[in-house]
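A.B. asks: Make the full structure from the sequences, and use the hints.
Listed below, chain by chain, are the residues.
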Amino acid sequence: DTGVSQDPRHKITKRGQNVTFRCDPISEHNRLYWYRQTLGQGPEFLTYFQNEAQLEKSRLLSDRFSAERPKGSFSTLEIQRTEQGDSAMYLCASSSTGSQPQHFGDGTRLSIL
Amino acid sequence: DQQVKQNSPSLSVQEGRISILNCDYTNSMFDYFLWYKKYPAEGPTFLISISSIKDKNEDGRFTVFLNKSAKHLSLHIVPSQPGDSAVYFCAAIQTGANNLFFGTGTRLTVIP
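Going down the list, the sequences are from chains A and B. By the working numbering, the letter at position 76 of the first sequence is numbered 98, and the numbering carries on one by one without gaps. By the working numbering, the letter at position 71 of the second sequence is numbered 58, and the numbering carries on one by one without gaps.
Fair warning: there could be bad hints in the mix.
In silico DSBU-like cross-links for lysine-lysine, where the CA-CA straight-line distance does not exceed 30 Å [claimed, not checked]:
1. B:K58 <-> A:K79
2. B:K58 <-> B:K(-8)
3. A:K33 <-> B:K24
4. A:K93 <-> A:K79
5. B:K24 <-> B:K55
6. B:K(-8) <-> B:K24
7. B:K41 <-> B:K55
8. B:K(-8) <-> B:K43
9. B:K(-8) <-> A:K79
10. B:K24 <-> A:K79
11. B:K55 <-> A:K79
12. B:K43 <-> B:K24
Hints listed in this document are in silico derivations from the structure and should not be mistaken for laboratory results.
C.D. replies: Quick look at the structure:
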């Protein structure tokens, strides 16, 4: 069990640029989740995949955000035309079933200049 | 609308004493509750959970208590150790749903 891996750990970019993050879940987990955490808050749900299917999206996931999990393994989260308010920690989690705890990666910290 | 609340932003406890972290929720549909621990620059690490069919779950030094009528849960750590110093998040989920709802966290400091 190598845990959930996220890349990069930090991303600094200028406002208006596009960014993409990657998440590799625990290998036997077919459920994958993205969350966003801002300073002083707990993680907030963004979206959920079961295998390659994106089954749920939060209203926090604006049109500038898109997530994929093309082969049911790793996932990517892309933010287009970044804004200051996108600065946050983006966390990925995975689980084997819906009744099992979600296990989190160490996150990607995004800073918008 | 914060459905899971942790009203104490911080807590300091002497090493060897009991730490009690509290959490309240408003959504009566939540039936599974979790505690996560978070160190700086790391993601949340799952600690312990409890189903709504139970009122207590114990794992070593960690015990979670659930009071459904009060919509309240607590995490007890005894004895507290300096390595327990971290931010603790309470989370809740409804069976069949996919998204965890988190509180804002409580920073625990265990003083040697």
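A.B. asks: Would you mind marking each hint as holding or not holding in the structure?
C.D. replies: Here is how each hint holds up against the structure:
no. : hint              : verdict
1   : B:K58 <-> A:K79   : holds (27 Å)
2   : B:K58 <-> B:K(-8) : holds (11 Å)
3   : A:K33 <-> B:K24   : holds (24 Å)
4   : A:K93 <-> A:K79   : holds (19 Å)
5   : B:K24 <-> B:K55   : holds (23 Å)
6   : B:K(-8) <-> B:K24 : holds (16 Å)
7   : B:K41 <-> B:K55   : holds (9 Å)
8   : B:K(-8) <-> B:K43 : holds (20 Å)
9   : B:K(-8) <-> A:K79 : holds (23 Å)
10  : B:K24 <-> A:K79   : holds (26 Å)
11  : B:K55 <-> A:K79   : holds (29 Å)
12  : B:K43 <-> B:K24   : holds (19 Å)
Hint compliance for this structure: no hint is broken.
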